[in-house]
Amino acid sequence: MTVLSDPPVGSFRLSMLIYDSKYRSYTFQFIALMIVISLFAYLGSNLLTNLQAAGLNISYGFLGESSNYDINQSLIDYSSRSTHLRAAFVGALNTLLVAFLACITATIIGVIAGVLRLSPNWLVRKLMAAYVEAFRNVPVLIWIIIIFTILTAVLPAPSAFRGENPDATMLFGAIAFTNRGLYLPAPIWGPGSLILGVIFVASIIGVFAYRSYATKLLFDTGRLLPMGWPSFAILILPTLLAYFILGRPVTLEYPELAGFNFQGGIQILGSLIALWWALAIYTGAFIAENVRAGIQSVSKGQAEAAASLGMRPNRTMNLVVLPQALRVIIPPLISNYLNITKNSSLAIAVGYMDITGTLGGITLNQTGRAIECILLLMAFYLVISLTISGLMNVYNNAVKLKER
Amino acid sequence: MVFAAQWAGEKKPLRKEADKQEEVSMRKTVTLGAMTVAAFAAGAAGAATLDDVKARGKLNCGVNTGLVGFAAPDANGEWQGFDVGICRAVAAAVLGDPTAVEFIPTTGKTRFTALSSGEIDILARNTTWTFTRDVDLKFDFVGVNYYDGQGFMVPKALGVSSAKELDGATVCIQTGTTTELNLADYFRKNNMTYQPVPIETEAEAKQQYLAGACDTYTTDASGLAASRASFENPGDHVVLPEIISKEPLGPVVRHGDNDWGDIVRWTFYALVAAEEYGITSANIEELSAGTDMPEVNRILGTEDNLGAMLGLEPGWAKAAIAAGGNYGELFEKNIGENTPIALSRGLNAQWTDGGLMYAPPFR
Numbered sequence: 001m002t003v004l005s006d007p008p009v010g011s012f013r014l015s016m017l018i019y020d021s022k023y024r025s026y027t028f029q030f031i032a033l034m035i036v037i038s039l040f041a042y043l044g045s046n047l048l049t050n051l052q053a054a055g056l057n058i059s060y061g062f063l064g065e066s067s068n069y070d071i072n073q074s075l076i077d078y079s080s081r082s083t084h085l086r087a088a089f090v091g092a093l094n095t096l097l098v099a100f101l102a103c104i105t106a107t108i109i110g111v112i113a114g115v116l117r118l119s120p121n122w123l124v125r126k127l128m129a130a131y132v133e134a135f136r137n138v139p140v141l142i143w144i145i146i147i148f149t150i151l152t153a154v155l156p157a158p159s160a161f162r163g164e165n166p167d168a169t170m171l172f173g174a175i176a177f178t179n180r181g182l183y184l185p186a187p188i189w190g191p192g193s194l195i196l197g198v199i200f201v202a203s204i205i206g207v208f209a210y211r212s213y214a215t216k217l218l219f220d221t222g223r224l225l226p227m228g229w230p231s232f233a234i235l236i237l238p239t240l241l242a243y244f245i246l247g248r249p250v251t252l253e254y255p256e257l258a259g260f261n262f263q264g265g266i267q268i269l270g271s272l273i274a275l276w277w278a279l280a281i282y283t284g285a286f287i288a289e290n291v292r293a294g295i296q297s298v299s300k301g302q303a304e305a306a307a308s309l310g311m312r313p314n315r316t317m318n319l320v321v322l323p324q325a326l327r328v329i330i331p332p333l334i335s336n337y338l339n340i341t342k343n344s345s346l347a348i349a350v351g352y353m354d355i356t357g358t359l360g361g362i363t364l365n366q367t368g369r370a371i372e373c374i375l376l377l378m379a380f381y382l383v384i385s386l387t388i389s390g391l392m393n394v395y396n397n398a399v400k401l402k403e404r
Numbered sequence: 001m002v003f004a005a006q007w008a009g010e011k012k013p014l015r016k017e018a019d020k021q022e023e024v025s026m027r028k029t030v031t032l033g034a035m036t037v038a039a040f041a042a043g044a045a046g047a048a049t050l051d052d053v054k055a056r057g058k059l060n061c062g063v064n065t066g067l068v069g070f071a072a073p074d075a076n077g078e079w080q081g082f083d084v085g086i087c088r089a090v091a092a093a094v095l096g097d098p099t100a101v102e103f104i105p106t107t108g109k110t111r112f113t114a115l116s117s118g119e120i121d122i123l124a125r126n127t128t129w130t131f132t133r134d135v136d137l138k139f140d141f142v143g144v145n146y147y148d149g150q151g152f153m154v155p156k157a158l159g160v161s162s163a164k165e166l167d168g169a170t171v172c173i174q175t176g177t178t179t180e181l182n183l184a185d186y187f188r189k190n191n192m193t194y195q196p197v198p199i200e201t202e203a204e205a206k207q208q209y210l211a212g213a214c215d216t217y218t219t220d221a222s223g224l225a226a227s228r229a230s231f232e233n234p235g236d237h238v239v240l241p242e243i244i245s246k247e248p249l250g251p252v253v254r255h256g257d258n259d260w261g262d263i264v265r266w267t268f269y270a271l272v273a274a275e276e277y278g279i280t281s282a283n284i285e286e287l288s289a290g291t292d293m294p295e296v297n298r299i300l301g302t303e304d305n306l307g308a309m310l311g312l313e314p315g316w317a318k319a320a321i322a323a324g325g326n327y328g329e330l331f332e333k334n335i336g337e338n339t340p341i342a343l344s345r346g347l348n349a350q351w352t353d354g355g356l357m358y359a360p361p362f363r
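Chains as they are written, first to last, in our numbering: chain A, 1 to 404; chain B, 1 to 363.
There could be a bad hint or two in this list.
Computed Cβ-Cβ distance ranges for the label pairs, DEER-style [stated by the list, open to error]:
#	chain 1	residue 1	chain 2	residue 2	range
1	B	351	A	76	44 to 52 Å
2	B	344	A	40	49 to 57 Å
3	B	281	A	38	53 to 61 Å
I should point out that these hints are in silico values taken from the structure, not numbers from a laboratory. Even glycine gets a Cβ: it sits at the ideal position worked out from N, Cα and C.
Isolated chain B, as found in the complex:
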């Protein structure tokens, strides 16, 4: 089964929400692969994911097939990235070992099948939280680890300063993502016409856009920033001010296993809360000796025993934070302003800094 999914994942064009480097290939074989997975994955989708993970000794984590900054293998074959950080934190919390993760690359199409068939325990793959996915596809989004939104990039020479001036434009768009729906809605709402140029890969989008085969390129703003940064002359292109959609990206688990959902949710919030309370990978040992801040003590397991309520060790959150640092550290290391992706915190700052990252209280 695992083999089938990986095989399907590798062969199949991946489309993801934010931004992608994918390869096009034979779709029929792929989709057959996905069906085989669905047909063979017997009973793995039952409850008690926690027991399965513990018995297996490894966490199966569905990630992007390769999106630098979010999830991509580095030169040594080690998976690195913002979404990867979530997987490692959960593995550390549950198994005490951040390396006990099997990363399973999934594409836009295989990701949901892989999750519902039990192929993966968590899906951390720039997946936009939508009503249909949450309700109709029977998944639970445990939180939002990146607040994104769809924007437009145009060449400066076009003389366009607002997305409202794009009537009649040819728009390059990555196909199979929520961005496609937002685009259709936005132009319909503003009574404008456009011609979509569906694009399969990030590289192809760049080529088409730079050749002038489309007037504007639209995807999540984080993706636009990453693309623009990679241009020869980034200054010749502007990202228009309009953000036309909400793209809350977050980790997903199966609906129905609430215990497992709680573990993933609170591991994620432990990372967020850690940033808020100043727990970093540098000072975590020092702080876990005991502090005068009760909430920090509760997170680090030196006061009360929140871990037992989750069915985990008392040091679960400490292990999760130690795995890759708190939320802010993960952000800065993988997609922050000092990386090639160069994203500012924006909406993803802590609520205390005017952002939307707000962990519920640990008590």
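Bound conformation, chain A alone:
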């Protein structure tokens, strides 16, 4: 006779943490976590001990003190009497400005170059291949310096515009290209310009309204309204009419040579131009490759199907291929945007005062608060990068393949 007994109900034993595959992975993950935590705790306490031994402390009090230095480009009011904190803000805004400009420009360049790389035209295709290979295989710092050096060496100094027979003249009498930057006429907003602005915004809304109406009409009735010239007319005409009816409320202030420099107008610093375009053409080459990969990921049958429906190549690209390619293009595009933002910290190479130049450069040097400044800088770049990637992920979710 056999006695059947239940298998013993396993009470938990300590050795199971290692020998039972149910628990083993938790054990090792826990150990790894502890090691990482204690490593950071060691580094942190070591830092604090050493700072204390040296009689130093972590303090952000310096941010409230006056900075005592000037910055050549500030989007907000700033003088050498402002605080270090404000200098950091000026730098942060300069970083965001150049990152924003470069992201937009790089995207435009990248999309055009990426599409043209697949052009049936041999010359265009090879030219774009040359662009991509040349620009993405040379470090961006070199490009920044090359562009800046060309601007400085080739363009005339403001003094060349002086005298009876100047060596250089202004374009249309309004725009001066100098080795200190680009001087443009600045708009002066007179009374009534607010109305003008409102009309212009209304026109933009009008353009969108017209386009959605035209699309709806196309889908409902099959009637195709012209898109191009009516949009343009709606955008421009009302504003233009209002401009003259209101008696030209907006005038231009032209830059003029006075003293050492051009005065008046808007100056776009040479360093901003160099940094902006270097980042744009460099990252544009990477984006071009993403775009090419995205387009090639769309099955050829899609384009052929569109063609067989009688769509022209332009429309096939815009309406069939690119929308499907976007889901491949967007994720690497996010990292390209992050790269632009982080690479903008090379600004100091051409003397553009971004946040690395103000907070991480002059402020750090003047106050000697290296650890505090670097922590702030890291936090800044982290926040900006996470924000960019967050926004782009929202967009990515909107365009990605919907699975139902």
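Since the structure of chain A is provided, determine the placement of chain B on it from the hints.
The following block gives chain B in isolation, referenced to the frame of chain A:
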């Protein structure tokens, strides 16, 4: 640790007070490097630097990453220069061997972290003595080995004869130095406006200035002299008469180890006093046989024993002077009028010649 600092030093853009040849590079990696140094350098910042140096058998000396005349490696890789001379003198005084120095290149940003973390024992790197650095950063400036001041250079064609006429000018300036603050103060005080063009390296400053991208270039007068001398047509440029700041450059040690501070201070003053009393590297052997000048005897250790008070050998100052010569010899050899830098003694002459070099008495 040493590796980390050197790595940080090499990769990072250096800004220094006087004048610099630096390279721009990835700042984030660099600053992380600096932080790592701060985090890892355990306890080295304690007292008794002298014991550490003796135990190590080498002096760790923070210098510029390469500023000809002040600190730069020569064709054979040997460090040469005015600041280097101070390091060698201290090494000779403490260890009896002027070559027992580890030169650690530091940049404008890493220099203070390197010193406070104990990475280096002395910082001899054209560092301007300021209140904040002395008090807030917990350092001690042991003396002034070069009295400098900030000036302006303009092309003659500009027709400017005084810095007061520079209202509205575009000014090339090396960023991250005290010169930047002086410039802001000077223009504010005189109610003038200017546009700063921050520049990272000496070479870049030269290029920008010569291309006319800025109207004037400002840095320490010694740096201006060195730059101007390297132009194709130095005669086309003038250094304006205004000196708008005081830039006392000197060796720095950590606050709190006064014994070590005394050693560096008196080694430096031994060099200054040696010039005053005519002790040179040529006649030092002869003089150390004994002279009828008590102060010379005390410096050279043949009378009294000042060295023991510092915890050093009686011949400490003799070794320091023999290492590279007295203060005047160091000056002439590295930055004097017969070198490409061609600086005159000016404020840095002995007090007996109308300068500011004045060693306290050795007694």
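Taking the hints in turn, this is what the structure says about them:
no. : hint                        : result
1   : B/351 with A/76: 44 to 52 Å : holds, 50 Å
2   : B/344 with A/40: 49 to 57 Å : holds, 55 Å
3   : B/281 with A/38: 53 to 61 Å : holds, 55 Å
Checked against the numbered hints above, the structure violates none of them.
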